Amino acid sequence: MAGTAGGSERHSRVAPYLLIAPGILWLLVFFVVPLITLAQTSVRVTGEAWWDGYVRALSNYGTQFSRSFGYSLLATLIALGLGYPLAYFIAFRSGKFKNLLLGLVILPFFTTFLVRTFAWKTILNDGGPAAWLLRQLHLLSEGGRLLDTTLAVVGGLTYNFLPFMILPIYVSLEKIDRRLVEAAEDLYSTPLGAFRKVVLPLSLPGVFAGSLLTFIPAAGDFINAQLLGSPNQQMIGTVIQNQFLEVRDYPLASALSFVLMVVITIGVLAYARVLGTEELA
Amino acid sequence: MSRRDADQWDEELHEFLRQAINRRGFLARTALGAGSLALGGSFLASCKGKEAAPAAGTPEAAAGGSSGGKVLRISNWPLYIDKQTVPDFEKATGIKVQYTEDINDNGEFFAKIEEPLKRNQSIDRDIVVLTDWMAGRMIRLGYVAPLDDSKFPNRANVVDNVKDVGFDNGRKYSVPWVSGMTGVGYNPKKTGKELTSINDIFDPKFKGKVTMLTEMRDTFGLVMLGMGKDPAKATKADVEAAAAKIKKARQSGQIRKFTGNDYAEDLAAGNIAIAFAWSGDIQGLRADNPDLQWLAPKEGAMLYSDNMMIPKTSDRQDLAMAWINYVYDPKHSAQIVAGAPYLSAVKGAGAELAKIAPELASSPLVNPPDDLRARLHIFRDLNDQEETEFNRIFQDAIGA
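In the order they appear, the protein sequences are chains A and B. So the mapping is simple: the working numbering equals the position in the first sequence, first residue as 1, plus 20. So the mapping is simple: the working numbering equals the position in the second sequence, first residue as 1, plus 1.
Next comes chain A alone, as it looks inside the complex:
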């Protein structure tokens, strides 16, 4: 029994990966090719040693790097916490409302990212509804604020990338053969046991993709930090944007991007290993 179960498990574990392969491929193409251009630009330093950009990138921007990873990790975890139950509900329990709910998940994309994030500015305003409510509940001091805080930035990142978490998980869950769950229950598994041993492992590829789709753009994002954060919440994306467009220090900006990409790549590989998806990642 162990043998045959292992075989079919193995087979069905591969299928979801094939489904997300185009996505992974897309990431690879847009990850590796720019890497070369970036590497070239990053060493094109005039007047100083070629590694000057890297020296400055690593010595001056540690805070912004750690903020970026800290914030996006937090946002990814919160998005997972919010997104998994929602995806589960939509996939298994929503009945005829399934399409409506999926539509609602995607609905925010009908407005631009910028306007959506800006809407948060209005909501979190010092005199806005959220701050007013929290003040009434004595959760926020009279002089306290929501806007331009770490909370606002992490909240904004979570909000903006949440659909990228929900959709891949939903797809994984949707693909699961319900008869497997029924089989588990027939074999006297508790509902929780069936979830833990059947549904969760089969949905891991979605979790994997979802967390990447959330974490990677969040780590490089600069809009949320710029609109919802103070100068003490600026992330590495803000620095890169600023160095490219304002200061026009291309070697530094490229070095920063390159470092960011390398760190993200290493992180992704490590994560893939932990989740046991190294064949594809």
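Keep in mind the hints are simulated off the structure, nothing from the lab. Given the structure is predicted, the values throughout are model-derived calculations rather than measurements. Treat the hints with caution; some may be incorrect.
Unchecked claim - Derived DMTMM-like pairs (lysine to aspartate or glutamate); straight-line CA-CA distance at most 25 Å: (1) B:190 x B:292; (2) B:119 x A:269; (3) B:237 x A:68; (4) B:119 x B:292; (5) B:194 x A:162; (6) B:237 x A:269; (7) B:119 x A:68; (8) B:113 x A:269; (9) B:248 x A:269; (10) B:248 x B:231; (11) B:246 x B:289.
Unchecked claim - From chain B, some residues computed to sit far from chain A (all C-beta separations above 12 Å): (12) 84; (13) 122; (14) 159; (15) 352.
Said to hold, decoys possible - Here are a few chain B residues that face chain A, going by a calculated C-beta distance under 8 Å: (16) 173; (17) 241; (18) 255; (19) 257; (20) 270; (21) 272.
In this text, a Cβ means the ideal position worked out from N, Cα and C, and glycines have one as well.
We have chain A; now place chain B onto it with these hints.
Here is chain B on its own, set in the frame of chain A:
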């Protein structure tokens, strides 16, 4: 969401969009980011990296040069002109004008036109309007054609304080489109008092309620004035001292943000009490927020100009000169600033403005009295090496 909230939201969104396309181009920068957002900052960076490489495409072909040879192509900042001047000019001269509001950010615009100019190719524009320091860079790099004085009889109308500038001795290559002042914008309801000094922005009472500008010269200049230093003679030591002060205030949480012209929205919403602010913005905001004040602090305020220049590769320089001469007529200049509340750099425009828009002409924001004009400072012209050096110091100070 109640009806009132919905209305308010709608109104604020509207206000945002209005602000967003305003002078210092907040939207353009952020929208660019938003476009590449799904790819993350690292990918945005890589795209821009390509742009830096000489091989990458500049919008040469996209702009599409018209062959008639009689169309004058002007690039300017958004909301920087009234509606009547272009048709009036066309009628008066018979020259067709293609007026484009496609300059949102000095650096960004420069990045767009740099490559073709370097290769001596047309940028399909006959007049561009850039801020002093960027105008200086363009001139230094030899990208600008000299103004033909034989076609510029109105040159005598250039106001005295911008007649000669460090970056363009004798104004051979550039003349101001309009000027603006950078000072302190504030909401008296939030500050609880009238302000007089730049250093009020460092008052711990306003912790987390103040913003400064991401424009290096404006922020350094004002902080230096507050420290009793002259921005026209800025040394590295001055700049470092100002940077240290800014950095300390940022780290302590005194400064809530460094902004482009999005400070206006925060000021109107009451999130902040004091901001380093551009005069034209505050004039514009007052329509909806009559409380807001713009202060030229006792220590002084910064003066900047956005300057018209003819790219050296323009093949219609005589048309461009006709335009420059036309807008240097005080009557025409008054009409322009009546539509865009900045400072005219044309002698006699104040008197003309009084005839067509008396209430505006009496505003010091549009028509500063002499004692205010005397307190206006221009940041020293920097060479490329200083520019880089000062900028690094500044970016470190603002934490970006």
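Worksheet item: Has the given pair, residue 119 of chain B with residue 68 of chain A, been kept, meaning a C-alpha gap of at most 25 Å?
Response: Answer holds: residue 119 of chain B to residue 68 of chain A is near 23 Å, not above 25 Å.
Worksheet item: Do the alpha carbons of residue 246 of chain B and residue 289 of chain B lie within 25 Å of each other, as the hint requires?
Response: Measuring from Cα to Cα gives roughly 34 Å; hence the hint is violated.
Worksheet entry | 25 Å Cα cutoff - pair residue 119 of chain B, residue 292 of chain B | 48 Å, violated
Worksheet item: In terms of Cβ atoms, is chain A entirely out of 12 Å range of residue 84 of chain B?
Response: 27 Å, holds
Worksheet entry | Minimum Cβ distance from residue 352 of chain B to chain A greater than 12 Å, as the annotation requires | Holds, because the least Cβ-Cβ distance between residue 352 of chain B and chain A comes to about 39 Å, which exceeds 12 Å.
Item to complete: Hold the hint about residue 257 of chain B up to the distance rule: shortest CB distance to chain A must be less than 8 Å.
Response: 5 Å, holds
Worksheet entry | Hint validity - residue 270 of chain B Cβ closer than 8 Å to any chain A Cβ | Constraint on residue 270 of chain B satisfied, holds at 5 Å.
Worksheet item: Taken at face value, is the distance from the CA of residue 68 of chain A to the CA of residue 237 of chain B at most 25 Å?
Response: OK: residue 237 of chain B and residue 68 of chain A at ~20 Å, within 25 Å.
Worksheet entry | Distance restraint between residue 113 of chain B and residue 269 of chain A, which requires alpha-carbon spacing of 25 Å or less | Satisfied, since the Cα-Cα distance of roughly 16 Å is no more than 25 Å.
Discussion item. For residue 119 of chain B and residue 269 of chain A, compute the direct alpha-carbon distance and say whether it is at most 25 Å.
Written reply: Holds, at about 18 Å.
Discussion item. What's the verdict on residue 248 of chain B and residue 269 of chain A, does the C-alpha distance respect the 25 Å limit or exceed it?
Written reply: OK: residue 248 of chain B and residue 269 of chain A at ~21 Å, within 25 Å.
Practice prompt. Mind checking the alpha carbons of residue 190 of chain B and residue 292 of chain B for me, to see if they're no more than 25 Å apart?
Written response: Holds, at about 8 Å.
This entry does not satisfy hints 4, 11, 16, 17 and 18, going by the numbered hints stated previously.
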